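Reconstruct the complex from the two isolated chains, following the hints.
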Amino acid sequence: MDKDLFLQHIRDQFEETDPALITFDTIFKQLEEWSSMHALLLIALIDAEYNVPFTGEDLQKCLTVEDLYNTIKSRVG
Amino acid sequence: MAFFYVNKIHLAGLAACVPANTLSNHQYEWLTERERSLLIKTTGIEYRRVASGNCCASDLCHAAAEQLITALNWQKSEIGLLIFVSQTPDYITPCTAVILQERLGLPATCLAFDINLGCSAYVYGLSVAGSMLANMPGKKGLLLVGDALSKFISEKDKSVAPLFSDAGTATALDYQPLAQPMCFNLQSDGKGYNAIMIQDGGGRHPFNAHSLEETEREKGIIRSNAQMQLNGTEVFNFGLREVAPNIEMLLQEMGKTTTNFDYFVFHQANLLMNERIRNKLQLEKEKVPYSLKNYGNTSSATIPLTMVTELRAELKNRPLSLLLSGFGVGLSWGSAAINTQPMVCLPVIEI
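Listed in order, the protein sequences are those of chains U and X. For the first sequence, counting from 1, position 45 maps to 45 in this note's numbering; every step adds exactly one. For the second sequence, counting from 1, position 83 maps to 83 in this note's numbering; every step adds exactly one.
Looking at chain X on its own, in the form it has when it is part of the complex (with noise of 0.2 Å):
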């Protein structure tokens, strides 16, 4: 396991974008009504955002960051990281952080790259920021997180598409000598890698003539090699077995208990398994915030979407201790554990 800290760094600022093009579960064609009940039941996912047309995970992180920046008022020219965390590129290549770069006017001393992560992109993306503006006095940085999934997702697929959803999101890092420090517990197993995937269109199997051809694997779900795959009730063993004990091993390790949290803000995976993982670790409802309902998981961008549209009021207003938790696609995973000072937090944004 990986534990480490980041010490003088801060949240200034949160925002987060969706498309407003909503799809309710309650519609979902390809499911009995029984069925249908069962599933809004089960994973709690009543309502899903699905980006239009050309409209990608980097619109809607574009518009997070450019509103976010006006917002705190900083100057671009202060801005000296861009990172964006996401599975869905504009591109194989270039990256799209670069892109970004330049969509937002940052100066070209902004470094920029990106990290392909899902589930765990958060987690992962904060302590990669973190770490680097720690060593870099006077920059502020930008960690753009997000997913438009639903390019990728086969509508045919009972098992994927009820429960994915879009989302883009912006985090204002900054210096902040008295900040207290971040920790964090990050994990990985590329034993579950087929667990969540897309197999076509990479180097290992290269998009070819086949790549589109929608063909039915098992009774309701038909889909294509170039959309995304999911074993359920692998990933579902996964979270069971693997998000408790890392949350607990993290608590250990800066000797405290969940007593010593506001909130924990975990991925949004499904009802089910959020609350089997609440249930382990004990903690009372009113600590676990849910966006599910109205948001579905939205993969990457579930943390600071459900910190935006759950703890808005608290996150403007008071300090937090707050265990943000994100599990899944790799298999890959981690929790951190950080403190907020009173931040700019924007109402949803939607395009």
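One chain only, chain U, in its complex shape (with noise of 0.2 Å):
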């Protein structure tokens, strides 16, 4: 799984957000641009690029960007 690629794809979802200001260290729900409708957007991008399983609940688990892409890197396999 393509760590920088992931990155990308995360900057991707905040159109209004400064793409240097996402690293793998963001809490991206403090991010100004957050609100509930990236939560299915990030659900939706998940789906489509890794075709893995992620509910709200594990959503609710992942504070920065780092622990989206540990998650996720984990049910890839």
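Everything labelled a hint here was simulated from the structure, so no lab data went into it. The structure displayed is predicted, hence computed values, not measured ones. Any given hint might turn out to be false.
[To be verified] Pairwise CB distance ranges, derived in the manner of DEER restraints:
| id | chain 1 | residue 1 | chain 2 | residue 2 | range |
| --- | --- | --- | --- | --- | --- |
| 1 | U | Lys73 | X | Thr215 | 34 to 44 Å |
| 2 | X | Lys41 | U | Leu5 | 19 to 29 Å |
| 3 | U | Leu5 | X | Tyr5 | 38 to 48 Å |
| 4 | U | Lys73 | X | Ser321 | 41 to 51 Å |
| 5 | X | Lys41 | U | Asp67 | 21 to 31 Å |
| 6 | U | Asp12 | X | Glu314 | 29 to 39 Å |
| 7 | U | Glu33 | X | Glu314 | 36 to 46 Å |
| 8 | U | Lys73 | X | Gln199 | 37 to 47 Å |
[Stated by the list, open to error] Derived lysine-lysine pairs resembling DSSO-like cross-links, with alpha carbons at most 30 Å apart:
| id | chain 1 | residue 1 | chain 2 | residue 2 |
| --- | --- | --- | --- | --- |
| 9 | X | Lys256 | X | Lys287 |
| 10 | X | Lys293 | X | Lys316 |
| 11 | X | Lys280 | U | Lys73 |
| 12 | U | Lys61 | X | Lys41 |
All C-beta atoms in this analysis are idealised placements derived from N, C-alpha and C, irrespective of residue type, glycine included.
This is the structure we're talking about:
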């Protein structure tokens, strides 16, 4: 699972945020642009690009972009 | 899973009615401008119809049914079946279908009852109405499917209000020995019963002194227990997980592929979810009509409403092979493969 590509995918979900502000350490729910709609966008992205299940509960447990990456990576295998 | 066929029944006509009262999500005041534009882009919903005053789902279905019966030139004495599928009946009891039977002037020999389903309503309703009519030679049937959820939604709930819209539809079903079989694959999963629900007002949580108290559940979600709640991420995941496999199983059962169908008419949940489902099934854009932009998510009515608004000319003029798929509240979902012959299809009615 390509880590740089993953970061790019996440950055693409936040159209109004400077990509440089989104790194693996970013607490994504604290981004000014974050809204509940982004939860659905992330789930759709994960489904489309990685084809693994990712629930609302999973999303609650993830704080940083790195957490997202690790959760998905563990499921992609 | 439940696969079954309904033989010798065809769709004779179709009509849909929406309230004239239109609200725009561009003016939805409980979101910031940036949130509004993201909501519209993600859900695909710009406008929604909201029943005013005392107008109920049954009134919308009634208008659709009256005009359809007239256009078909049906004798009301021939109608032996009326099924009303909705989550927004006139009363908890009696059922609304009986009230509609009387209002439409149908004879007492007409059997009438309700089914309580939402997003999967049309597919389930077709299967029940078709199965019964197949054993009622000489009788015609009305399948009335619709909801006026706006009466049970808090305008101050941003997770619900901008999505839902009101509509009522009427489908005329008739015995036709040469009709090609309709094939169904219907499923249910009550584990998700509270993903979409109205908590108070039934026997489990009777209406009480606190039922109308509006409280903030989360930021931007202000509602009472008598209003609809929606767990958006759970429903979203459900849609991504279950819909495509349900359709693939139906196709496999029938020995068909997606190329055998002219159109795939999906429940209009939201653009993001529906497009994921379309991509999973590798369907061309042209084969998947949407009415989301102008009519939002009309719950039980989405499939027949989309057929009326997007496919009317073709339904009137040429045979079509359609794959219908409804999914949501229950959780309940299912798909149907049907072949239509040129039928009476009225333009959208507004009241």
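Here is what the structure says about each hint:
1. U:Lys73 to X:Thr215: 34 to 44 Å: holds, 40 Å
2. X:Lys41 to U:Leu5: 19 to 29 Å: holds, 23 Å
3. U:Leu5 to X:Tyr5: 38 to 48 Å: holds, 46 Å
4. U:Lys73 to X:Ser321: 41 to 51 Å: holds, 42 Å
5. X:Lys41 to U:Asp67: 21 to 31 Å: holds, 26 Å
6. U:Asp12 to X:Glu314: 29 to 39 Å: The hinted range 29 to 39 Å holds for U:Asp12 and X:Glu314, with Cβ atoms some 37 Å apart.
7. U:Glu33 to X:Glu314: 36 to 46 Å: Since the Cβ atoms of U:Glu33 and X:Glu314 sit about 42 Å apart, the hinted range of 36 to 46 Å holds.
8. U:Lys73 to X:Gln199: 37 to 47 Å: holds, 39 Å
9. X:Lys256 to X:Lys287: holds, 16 Å
10. X:Lys293 to X:Lys316: holds, 23 Å
11. X:Lys280 to U:Lys73: holds, 21 Å
12. U:Lys61 to X:Lys41: Given that 30 Å is the threshold and the Cα spacing comes to 27 Å, the pair holds.
The structure agrees with every numbered hint stated previously.
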